[in-house]
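Protein chains in written order, with our numbering: chain A, 1 to 295; chain B, 1 to 294; chain C, 1 to 365.
Check before you lean on any hint, since a few could be wrong.
Stated by the list, open to error - For the chain C half of the interface with chain A, some residues (derived, Cβ under 10 Å), not all of them: (1) Ala62; (2) Met84; (3) Ser104; (4) Arg134; (5) Glu138; (6) Leu139; (7) Arg151; (8) Pro326; (9) Gly336.
If you are wondering where the hints come from, they were derived from the structure by calculation, not from laboratory data.
We treat Cβ as the ideally placed atom computed from N, Cα and C, and that holds for glycine.
Next come the chains, spelled out residue by residue.
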Amino acid sequence: MTGAVAVADAPLSAASRLMRLRRIDLIGALVTLATLLGAVVWAFPLYWGLVTTFKPETEIVQPGVQLWPRDFTFENYANVLTQTKIGLWYLNSLITSGAVTIIVVAMAASAGYAISQLQFPGRRFFWAMILASFMVPIPALIVNHFVLMSQFGWVNTLQGVVAPQLIAPVTVIIYKQFFDQMPKDFREAAKMDGANEFQLLFRIYLPMNWGVTTALAIITFIAAWNLFLWPFLAVSSEEKLNVAVGITQVHDAFGVQYGRDLAVAMLAALPVAVVYLLFQRRVTQAIMLSAGIKG
Amino acid sequence: MLKSKRAEYFAAAVLMAPFVVIYAVLFVYPTIKMVELSFTNAPLIGPGRWVGIDNYWRLATERLFPTALWNTIYFVILSALPSTLLALFVALGVNRLKGWTQSVVLAAFFLPYILPVSVVFRIWDWMFDHDFGIAQYLIAPLNGGQRLSVFRTVPLFMPMVALVTIWWLMGFNVLLFIAGLRNISTEIYEAARLDGATRWAQFKRITWPLIWPVTVLVLTIQLILQFKIFDQVYLFTQGGYRVDTTMVMVQYIYRQAFQLNKGGLAASASVVLFVLIAVMSVLQYQLLRVRAQR
Amino acid sequence: MSPHAAPHVELRRVTKRYGAFTAISDLSLTVDKGSFTALLGPSGCGKSTLLRMIAGLEPITAGQCFINGAEVTDVDPAKRRIAMVFQSYALYPHMTVRQNIAFSLSIAGASRKEQDARTQEVARILQLEDYLDRRPAELSGGQRQRVAIGRALVRKPEVFLFDEPLSNLDAKLRVQMRLELAKLHAALHSTMIYVTHDQTEAMTLADKIVVLDRGRVAQIGSPLELYNRPANKFVAAFIGSPSMNFFRVGLTAVEEKTASVALPGGRTARVGLGAPPAFAEATVDLGVRPEHLSLVDTHDAEAALSGRIGIVENLGNLTLLYVDTPAGQLIVEGPGDVGSKKGDLVGLKFSAANARLFGADGATL
Chain A
1 MTGAVAVADA
11 PLSAASRLMR
21 LRRIDLIGAL
31 VTLATLLGAV
41 VWAFPLYWGL
51 VTTFKPETEI
61 VQPGVQLWPR
71 DFTFENYANV
81 LTQTKIGLWY
91 LNSLITSGAV
101 TIIVVAMAAS
111 AGYAISQLQF
121 PGRRFFWAMI
131 LASFMVPIPA
141 LIVNHFVLMS
151 QFGWVNTLQG
161 VVAPQLIAPV
171 TVIIYKQFFD
181 QMPKDFREAA
191 KMDGANEFQL
201 LFRIYLPMNW
211 GVTTALAIIT
221 FIAAWNLFLW
231 PFLAVSSEEK
241 LNVAVGITQV
251 HDAFGVQYGR
261 DLAVAMLAAL
271 PVAVVYLLFQ
281 RRVTQAIMLS
291 AGIKG
Chain B
1 MLKSKRAEYF
11 AAAVLMAPFV
21 VIYAVLFVYP
31 TIKMVELSFT
41 NAPLIGPGRW
51 VGIDNYWRLA
61 TERLFPTALW
71 NTIYFVILSA
81 LPSTLLALFV
91 ALGVNRLKGW
101 TQSVVLAAFF
111 LPYILPVSVV
121 FRIWDWMFDH
131 DFGIAQYLIA
141 PLNGGQRLSV
151 FRTVPLFMPM
161 VALVTIWWLM
171 GFNVLLFIAG
181 LRNISTEIYE
191 AARLDGATRW
201 AQFKRITWPL
211 IWPVTVLVLT
221 IQLILQFKIF
231 DQVYLFTQGG
241 YRVDTTMVMV
251 QYIYRQAFQL
261 NKGGLAASAS
271 VVLFVLIAVM
281 SVLQYQLLRV
291 RAQR
Chain C
1 MSPHAAPHVE
11 LRRVTKRYGA
21 FTAISDLSLT
31 VDKGSFTALL
41 GPSGCGKSTL
51 LRMIAGLEPI
61 TAGQCFINGA
71 EVTDVDPAKR
81 RIAMVFQSYA
91 LYPHMTVRQN
101 IAFSLSIAGA
111 SRKEQDARTQ
121 EVARILQLED
131 YLDRRPAELS
141 GGQRQRVAIG
151 RALVRKPEVF
161 LFDEPLSNLD
171 AKLRVQMRLE
181 LAKLHAALHS
191 TMIYVTHDQT
201 EAMTLADKIV
211 VLDRGRVAQI
221 GSPLELYNRP
231 ANKFVAAFIG
241 SPSMNFFRVG
251 LTAVEEKTAS
261 VALPGGRTAR
271 VGLGAPPAFA
281 EATVDLGVRP
291 EHLSLVDTHD
301 AEAALSGRIG
311 IVENLGNLTL
321 LYVDTPAGQL
331 IVEGPGDVGS
341 KKGDLVGLKF
351 SAANARLFGA
361 DGATL
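Hey, can you work out the whole structure from these sequences and the hints?
Following this line, the structure appears as structure tokens:
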């Protein structure tokens, strides 16, 4: 059944309809109020964590709810930057996430293009394999990924962190869908102009789908930046950690210092938060796409 | 014709090569090896002896694995369903808002989703801190005036981790619901209002029939996602005691492989996880297909 | 236009099948150098398929294709020295007009200087100089059309192919672009092959029209040949607007160049014949164009048919009258001030030279 429209039992007089509308508006206002309240509640932990980082340790451990620092300070951040290896972790995260993003997008665009636009033996087989790998839980492969990386001698290296993250069937699927939708005329016009398949991909298909590429690149980068389990397993030395895992080590190494622990966490979140706030629309689009909803 | 066909094959080979190599080495090979390893008593690194289904038998008979399986299912129940329903309510509320208010409110609900899990852990660890956590002002009155270390209280552990997880990931669901709600034309609502439909009737007769497919999608995505729970449970039990009672499946695999050096046993647990999720994915796929045919 | 030019494009007994469906069957066609040839027919007649086979975009199932005397049946589209203007224009939305026009040169590895020079030249011919740095989305329909032509022009092709290039334009712009295309052809003297379902476009632009009917050539000829001497009922019906009137008549007598027919309603008429008669049918179809029917008094000796005017359409310069006769409803084209009105009883006459007879197989007698 689709869009069945409710019909009132009896026609209402204008006055009672007006009353009804007014009552409905009251309910509507309550719903809106609840939503706004919910948003405040939802944002509060993040705010509370953030505001704590600007308080000196002595103020942090005082009882009572202090919504704004009495004594605003950057001391915690200064401590983090001087006492921990966060700069190095940042660099590691940047290198590994950047590498994952570039390789995944390039590989997915190429494979998506070939499967969408070219006729070759095995095309259907590869497509079936991609659809199948969609349902494989990557955490189930950690043991054998680790074994494989140790065979390569890649344990505790950045390439070892990158490699298992390159399995990204969704990205291929999305590219294929977008390339499928391209009007055939562009392909034929370019072919008549003498373009080969590589020129078609890099000069026509990819630039014409630039929005999808940015969306996928951003979401891949965020996912790689945030990844915890695999880097946690693959890296054993502090020098090779990424930020997401690294910040949990601060606690281990220095004991409890709330302001500093939270400051390092906020620094870890900063890049992804900035990327999200700058590219909100693209992030939203990428999430819809990866869930199978056209954005 | 032949020449252009050859050129097409060549292009296809070049374009597919990176994908095929990466998938063969990092996906197909490890998967096969995982199954193979699960029938041996090998350590994490190094050769082992073929032991048949001994590992699987151990999983079924020893105490820890069934506990881990149950904890995982318990966590999925605690997180997937509530986060789906809550997201639906939030989406209905957010969908009423307009312009910049909507953007800000949506961002408030969504921002946690893009945070690294370790940041989420830090924030909530601080919120619930036994000595200085702000949440203790709510907890203490409920606990007879006593502060409570919620993550060290076994019956509360899973619900609390689920709560944190809902806070972290619900924004994703909200986004999908809002996309679904935006697909319903406002004219349908206007027509219903003119017909005198109450708010509840509008929801029951218009919104729900059009939004339930999205609900099914969100719920199945959440089920599959939450089954792979590890990070939050690991972080919140870090440095704690009684890890065994709150252990989940991926954590069991981690423990056997990386802490007890039992590669074979870990692999067999991986196979079980693999099969469970594959089955759920097939179900999800079927559901989506049924939906697409309607 | 050079007289008696050598065939520039030739299709020799080509067939195109899609599975069990035959789109083109055993078709042969030559296109002269420097000519403007239109492929005309209703949708689904195979005209676009034929063009795409010449372009090399559609593999030929059987038969051969020649361009400039060389066989190109299996040659890549890009290597046939042809250019095509697509119905949708297929302008690359992410490139400027300049980049769109220069795309083929850049693919071919031409120097930046050469690309610029040739783009400028094309832009000058098509009056696109002011728009070179805009993107297609910022252009009007007519400007996009010109860019699409420019993209073909820049390659200096031997043959231009047009696939219904004006069908996305509004009526007014279509007339204007039609004139510009005619001017372009006059200036370039290139061979142009033009697919359309619009007979006006074909009649005004082409010096040779190929009428296609379900994958076969119905007739090839100049616009006036098709109008005056249609080879069969299909062409007679397709060319001309409003369409030719047809009705059944009985043959009473056949002479050398004319035949006598019995018309519905009892009168007789004489109709010219193309070839000496060699047929046996007793009933044939008579076709006469609306513009060749004229109104007379019902009792006029020359009146072939009589009937009552059903509908009157005043188009200003002319009037279309729908007359209900014993032969069915016939369309009559009269002058703008015809003076007749709905309900009038009128007689219709036509001359022997302007009527055609068609046999049971549709061929003109």
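Hints, one by one, checked against the model:
no. : hint   : verdict
1   : Ala62  : violated (21 Å)
2   : Met84  : holds (5 Å)
3   : Ser104 : holds (4 Å)
4   : Arg134 : violated (17 Å)
5   : Glu138 : violated (17 Å)
6   : Leu139 : violated (17 Å)
7   : Arg151 : holds (8 Å)
8   : Pro326 : violated (51 Å)
9   : Gly336 : violated (43 Å)
Hint violations for this structure: numbers 1, 4, 5, 6, 8 and 9, all remaining hints satisfied.
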